[in-house]
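So the sequences go chain by chain: A and U.
Start counting the first sequence at 1; every next residue gets the next number (the working numbering).
Start counting the second sequence at 279; every next residue gets the next number (the working numbering).
Pairs of lysine-lysine, DSS-like flavour, derived with a Cα cap of 27 Å: (1) U:Lys-359 / A:Lys-269; (2) A:Lys-2 / A:Lys-269; (3) U:Lys-400 / A:Lys-2; (4) U:Lys-359 / A:Lys-2; (5) U:Lys-367 / A:Lys-2; (6) U:Lys-400 / U:Lys-472; (7) U:Lys-504 / U:Lys-472; (8) U:Lys-504 / U:Lys-518; (9) U:Lys-472 / U:Lys-367; (10) U:Lys-510 / U:Lys-472; (11) U:Lys-367 / A:Lys-269; (12) U:Lys-510 / U:Lys-463; (13) U:Lys-424 / A:Lys-27; (14) U:Lys-424 / U:Lys-463; (15) U:Lys-367 / U:Lys-467; (16) U:Lys-400 / U:Lys-467; (17) U:Lys-510 / U:Lys-467; (18) U:Lys-400 / U:Lys-463; (19) U:Lys-400 / U:Lys-367; (20) U:Lys-400 / A:Lys-25; (21) U:Lys-424 / A:Lys-25; (22) U:Lys-367 / U:Lys-463; (23) U:Lys-514 / U:Lys-472; (24) U:Lys-514 / U:Lys-504.
Hints in this document: simulated from the structure, not taken from any laboratory.
The chain contents come next:
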Amino acid sequence: MKYLNEVWSSRELLFNLVSRDVRGKYKRTVFGQLWSLANPLALMLIYSLVFGVFFPSNPRAGDPSGLNVFALWLLCGLLPWTFFSAVVSSGAGSLVDNANLIQKVSFSRIVLPFSTVGAAAYNWMFEIAVLLIAITIAGGFVLPWIPLVIVAMALLALFAAGVALLFSIANVYFRDTQYLLTIVLQFWLYLTPIIYPIERVANKSAEIGGLGGTPVRIVDIYNFNPMVHFVALFRELIYDNRFPDPLEWLICLIWAAAALSFGMLVFRKNERNLAEAL
Amino acid sequence: MSDIAVRVDHVTKSFRMYHERNQSLKSAIMRGRTSVHEDFLALDDVSFDVPAGSTFGLIGSNGSGKSTLLKCLANIYYPNKGAITHFGKIAAMLEVGSGFHAELSGRDNVFLNGSILGMSRKDVTRKFDEIIDFSGVEQFIDQPVKNYSSGMYVRLGFAIAINVDPDILVVDEVLAVGDAEFQEKCFQKFRDFKAAGKTVILVSHSMPTVQAMCDQTAWLDHGVLKAAGPAKSTIKAYLKSLNVEPD
Ligand SMILES: Nc1ncnc2c1ncn2[C@@H]1O[C@H](COP(=O)(O)OP(=O)(O)OP(=O)(O)O)[C@@H](O)[C@H]1O
Ligand SMILES: [Mg+2]
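Modelling step: build the complete structure from the supplied sequences, incorporating the hints.
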């Protein structure tokens, strides 16, 4: 409780660090903030070409929205993913990158990984806003769902923050972490139903049935991936325009709470040792 | 108010000395544990008191543990044994301009650095003119700090840090880059501090400076406290150990 208080009292510093990142990032570029849209846009183009045209993954139309545009369907899963992966990979480096600061000034260390969450969230809000506008133009009725989209965004941000805390500490002790992480994130992306619909996994899993004679099916293992549930939330809210299953909300809430509290626990345990270990 | 500002009580700080680069997963797995190490005592059972309202000097050769002690004071390192108690708000200047963002302007960096040092936005706004005035970089305040000379960088960093307004100010040798005028300005600031009843703890390799500024000094040698007390006698003993005749 005392620790939470300490974190809360550093919120102004957190805000300043986020604005340092946000303002420093696109200094001296011609397109500035527009660059933050470039990455998801490029991914959208390439995935739409490959998985919309060459190997169509044929997601079903939005229900009840009736939308049937692959690029939009894709973005509903891709934007949460790129946010998550940006937070985790920049968060993992946040302590090592600020080693000098940690060794010279005493302040609440946790603001460093948290500030990467803030900076990524700032870009993400633009991306989601653009997506919501595109969905509306395409005929979706997403307006009433915006408050719930924001709740889902907050849940994912908390989950990502927890994961980033763990990796930031791990990276201090083992610098291999950041390299390992790029590989892990590759696997993770393809193990999440972002460029293919989850129905494909469900169908295959039903076809195969229980693994090795047990009642455990592929999809049961697959569902252990928390990102499956976060992506489902965003797809259903933004693309389908309907209220996600309360169980789905609950799963996301539990993952977010678990990741964040475990992350903070580990961080707090190691915080005092950081200046020496770096 | 007690008449002791800082009490250093049997402080021992050891570092782990690793025999190889250990921060890779491979070496950890190969050995089955994180590392082979032995402990190195950077501070060995150091005790002294810093009287409130004094200017306190910390002297000793390179690697004797001065910066380590200051970091323990500043809650950056935590002693393995013993305790440091301080009475009043403490601010440490171990390096100036930590956390400056090279691409941002001096103005933005004042606010950023201020908040890293624990000042609220309101505090910084209130003291902004004073900071700029003291630093003497007014003309360049809207330039990115990467275009500053190293002296200007230090001036700005110092001006921010000094305005944190602590009861106890801890300063590692940060003034070396400033020109004579700026150094004099800083020493005047330390005198003002003292006049206001505040405590300054400073590390310096310049014995004339320590002699002029400090009432009390402590001399560290390889982590061991050799002497603590009135500046004059401590400095004399230290110089004698170096075979240098004091002036
Ligand atoms: N993080 C660390 N890990 C391992 N050893 C350290 C660490 N920090 C300091 N040391 C060791 O502790 C000893 C004291 O270092 P310290 O920086 O306190 O010296 P100093 O008195 O400030 O010297 P100088 O006058 O050169 O600034 C040195 O031998 C140094 O190698
Ligand atoms: Mg030093």
